[in-house]
Amino acid sequence: MKLVKSLLLGSAAGLIAVGGAQAADLPVKAKAVEYVKICSLYGAGFYYIPGTDTCIKLGGYLRAEVALNTNSDFSGQLTGNNGARNRLTNYYTIRAREDLNIDTRTATEYGVVRTFFDGVFSWTTGNYNGTGSAFGGTAYSGTLALNTSGATPALVGSSINGTDGNTSAGSLGVYYAFIQFAGFTMGKAVSQFDAPWTNYPGNNFDSLPGGSGTVTGVTQFSYTADFGQGVTASFSAEDATAYYQAGNQNLSGASVSGMVGGAYGVNAIGGSRSPNLVGAVRVDQAWGLFQASVAAHDNHVAYYGATEPTGHPDDKWGWAVQLALSIKNIPTGAGDTINVQAVYTDGATRYNFQNLAGSSYSMFSGASTAGSYQSVGFANAPDTVFITGSSQETVKTWGFRGAYTHNWDPYWNTSIYGAYAQAQFGTLAKTTLCGATGTGGVFGGLAGVTACNPDFAVGSVGIITRWTPVKNLTFSADLNWLRVDQKYAGSFAYAGSGTTAKPAAVYDLKDQDTVTLLLRAQRNW
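Following numbering that gives the first Met the number 0, the numbering of the sequence shown begins with 0 at its first residue and continues without gaps.
Everything labelled a hint here was simulated from the structure, so no lab data went into it.
Any given hint could turn out to be false.
Restricting the straight-line Cα-Cα distance to at most 27 Å, the calculated cross-link-like pairs of lysine-lysine (DSS-like) are [said to hold, decoys possible]:
(1) K470 with K36
(2) K486 with K395
(3) K56 with K36
(4) K470 with K395
(5) K56 with K470
(6) K470 with K327
Here are the computed distance ranges between Cβ atoms for each label pair [said to hold, decoys possible]:
(7) Y60 with K36: 24 to 32 Å
(8) L171 with V280: 48 to 56 Å
(9) Y60 with P330: 26 to 34 Å
(10) F134 with A236: 39 to 47 Å
Model, not experiment: these values are computed from the prediction.
Built from N, CA and C at the ideal position, the CB exists for glycine as well.
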């Protein structure tokens, strides 16, 4: 027992001695805390990252909105169940979204190195489409896919367990992620072709044709030269696959049902071969800005058939040109602006019927003649068309859009906006779909069809009013009307579609309209 006691006491003494030695080694004065410092080099909101010479700014917004009379946010009733206008069509679509962006900048001997990231988290009302079941079954689909192929947009996504238990869809998106250095932009950013307002000369409505608009950015490698006095020129190679493919359609696969659904053939886009090549010149002055843009787009098709020996058409380059003008502080009031742009494309449709607008339409409404079940208007504008064994034929389009914004006072402003675009097909397309005289082909030869022409036009006008009661908090109401002016006439027997719940019946061919309203609350930070 005495031995154990001695060992315990000795151990305690040893620990005390060691602790005393360690205490003696502690610094007398604690290290100073490195506080976050304001970085005034790049404007308000930037701070130095502690321990570095890099400045960082966090920003974003939270948005809550409801779009009335549409299955998408924020577009018209253009295709699929949205255009069917029956019990599968949403009366409203609600979305909640959080946007987060991170901006970093570092001064170097070569200029500023900048990185920028912008991501969004969204929750959006979903959709149901018919299964064709004799018992009226439907299948849930989380989000309405954007039409990038020239065919009818597909409803994508599904419930987690394969049932129809979900009623809405969450999603994560990356809008921008790029590096800027010494005039170069590398990564996902707004196209150099776009006007500064992208899709929105004064509106919230997503589906305006009449110009390019990569709202969510396009992957690119670009160089911008600054000549001083507000004059810049940009040259860019931009990925075409995600946002600039309106479709290369084999009309040999065209059918009446497909055409009514908004597709004029089988899409046969091949693998990526060349990025879009873009050039732009821009002049920024106190009165506003002027911009001229050009782009070249390679149309590369896979095969005529399912396998390599079926052959393929040669590549065909398309092109687009756009002019944009902004006039600021016009005499109607301080801060009032006019934004306008015009575009012409040949084999590069997405520079007019931009990605969020799409270039496919299939819209139903009431019948106009006795004996018909309903009326339908349909149209489609791919980049090119061909038939098995032929070369590609380009589709030509032109359009314009613009807006006038008036500030009533520091808290209220209103914009009146509009857009118009036309698509024009060549001889190959018209002969295949409608016959040489408009009374033959896939559709023109149907009994009851009195006019057949795939050319079409789309017009849209709207008005939006915004109220900003306090800084960075805005409430808005955007009312839009859109009309599809198609060139078919008469009536025809349609086989129907289980997806959109349309029965086999006689349908009139008629121009179609859609009206939508978006109510939005947004807090920027």
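A quick look at each hint next to the structure:
no., hint, verdict
1, K470 with K36, "25 Å, holds"
2, K486 with K395, "16 Å, holds"
3, K56 with K36, "12 Å, holds"
4, K470 with K395, "45 Å, violated"
5, K56 with K470, "19 Å, holds"
6, K470 with K327, "22 Å, holds"
7, Y60 with K36: 24 to 32 Å, "26 Å, holds"
8, L171 with V280: 48 to 56 Å, "36 Å, violated"
9, Y60 with P330: 26 to 34 Å, "32 Å, holds"
10, F134 with A236: 39 to 47 Å, "53 Å, violated"
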